[in-house]
Amino acid sequence: MNITLKIWRQKNKEDKGKFVTYKLNNVSTEMTFLEMLDYLNEKLIKEDQDPVAFDSDCREGICGSCGLYINGRPNGPQKSVTTCQLSMSVFKDGDTITVEPWRSKAFPVIKDLVVDRTAFDKLIEAGGYISVNTGAAPEANSIPVKKHNADRAFEAGVCIGCGTCVAACKNASAMLFVSAKISQLALLPQGRVEAKERVRILVEKMDELGFGNCSNTGSCEAECPKDIKLVNIARLNREYYKAY
Amino acid sequence: MNKVIASSVSKKFVMALAGLFLLTFLPVHLGINLMLLKADPEPFNSAAHFMATFPLIKVVEIILILAFLVHIFTGIVVQIQNWLARPLRYRSGNKSETSFFSRFMIWTGGAIFIFLIIHFTNFYFIKLGFIEGDAEDFYSVAYQLFAIPGYNIFYWICFIVLGFHLYHAFTSAFQTLGLNHRIWTPIVNFIAVFYAILIPAGFVSIPLIIWLFK
Chain A
1 MNITLKIWRQ KNKEDKGKFV TYKLNNVSTE MTFLEMLDYL NEKLIKEDQD PVAFDSDCRE
61 GICGSCGLYI NGRPNGPQKS VTTCQLSMSV FKDGDTITVE PWRSKAFPVI KDLVVDRTAF
121 DKLIEAGGYI SVNTGAAPEA NSIPVKKHNA DRAFEAGVCI GCGTCVAACK NASAMLFVSA
181 KISQLALLPQ GRVEAKERVR ILVEKMDELG FGNCSNTGSC EAECPKDIKL VNIARLNREY
241 YKAY
Chain B
1001 MNKVIASSVS KKFVMALAGL FLLTFLPVHL GINLMLLKAD PEPFNSAAHF MATFPLIKVV
1061 EIILILAFLV HIFTGIVVQI QNWLARPLRY RSGNKSETSF FSRFMIWTGG AIFIFLIIHF
1121 TNFYFIKLGF IEGDAEDFYS VAYQLFAIPG YNIFYWICFI VLGFHLYHAF TSAFQTLGLN
1181 HRIWTPIVNF IAVFYAILIP AGFVSIPLII WLFK
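Residue numbers (the working numbering), protein chains in the order written: chain A, 1 to 244; chain B, 1001 to 1214.
Chain A with its partners taken away, still in its complex shape (with noise of 0.2 Å):
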């Protein structure tokens, strides 16, 4: 099929960027949304013009490098996948494209499609971990975990750090991703220890860095590769209010 883009092009950080849109023909429903980009890309250099620079690793949906917004939705049109899940099946031939990077005052563009999300990094430094050594693999039931935890704390778990949370909240904010940290952690034994320090300190820390303020319209649930759930953003504010 023959497809055109529109595609954010920004040289760096302080490039005001613009749209180019470039016309790529035989293009197969059978590539993925980034091998398209990739078969764009060749075609740039044969034409010796700028690459786009776009963010990818793992290109199986688990690592949460890649993260595009395609046609005014974070990771295109198809529900629960990541940029790189997305299959060039869900669009139709003469379709046009619009491509933009994540737009947030805490994930500041590097260039064309890139975000500098160090902000999550910085999240995770803060308050999302233990603060002891797991060591070895204890025995399964020396510790009881209620399954219903387990499973609440596992959902929240597959949280891959991709920021589509932040990029389609209108608000830009970050409570979906600090409520999965919080929740994963809160809800087992070994993280219940420091959980009152640590939902102080994420909280301070994410509002440092520039997110926006939570209010409840569930696009960031709705957007979600890995499903995570509303739920943890109100386990967020019920942990922190019991951490006062």
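In short, the hints are calculated from the structure, not lab data. There's no promise every hint is true.
Partner residues are not named here, just some residues of chain B that face chain A (Cβ under 8 Å, in silico) [said to hold, decoys possible]: (1) N1002; (2) S1008; (3) K1012; (4) A1085; (5) R1089; (6) Y1090; (7) S1099.
No residue lacks a Cβ here, since even glycine has one placed at the ideal position from N, Cα and C.
Using the hints provided, position chain B relative to the given structure of chain A.
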């Protein structure tokens, strides 16, 4: 300590609590307004008089005004911070699924604020003695206002907008307070729909009934 009070979660907590308090006041106000439908002005005027003079109500009234101010102040601060969190908007729009009414809370809130100022000018400031007028016969004042077609249309629009605000407010307040539950949250959401429809419908019905039948 300042960081705790100013934190994103704390601000939302205060805004939600103030908002929930305001939600409890609306049915009381509606209950009194429904007395306007009686042909005799006495019940409405004496209820208004009671609300204006009973000491306990005076205390609640001060809390209510404070709740309004706190709710409006935190709402504006939160919104400004949210705008600043995304200095450059998406050029291709935002097509993500979202709770529809949550997108316009600052604007629906602003419209309600404008209504409140007009409402206060017509009634509350007269009662407080800030503006001259007959504080003893609000029944007649209400009837005079409802006789103006433009005021009626404005009144209806304001209450429809209030309904939009209330629907998101009701559900959102519980989530902000951390009250999200597998069984209770769907019930809260269900009540929110009823509340957001019935309260504005109740207020709107009064001038409508007066216009149609009186």
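Hints and how they fare:
1. N1002: violated, 11 Å
2. S1008: holds, 4 Å
3. K1012: Holds: closest Cβ of chain A sits about 6 Å from B:K1012, inside 8 Å.
4. A1085: holds, 3 Å
5. R1089: holds, 7 Å
6. Y1090: holds, 6 Å
7. S1099: This interface hint holds because 5 Å falls under the 8 Å limit.
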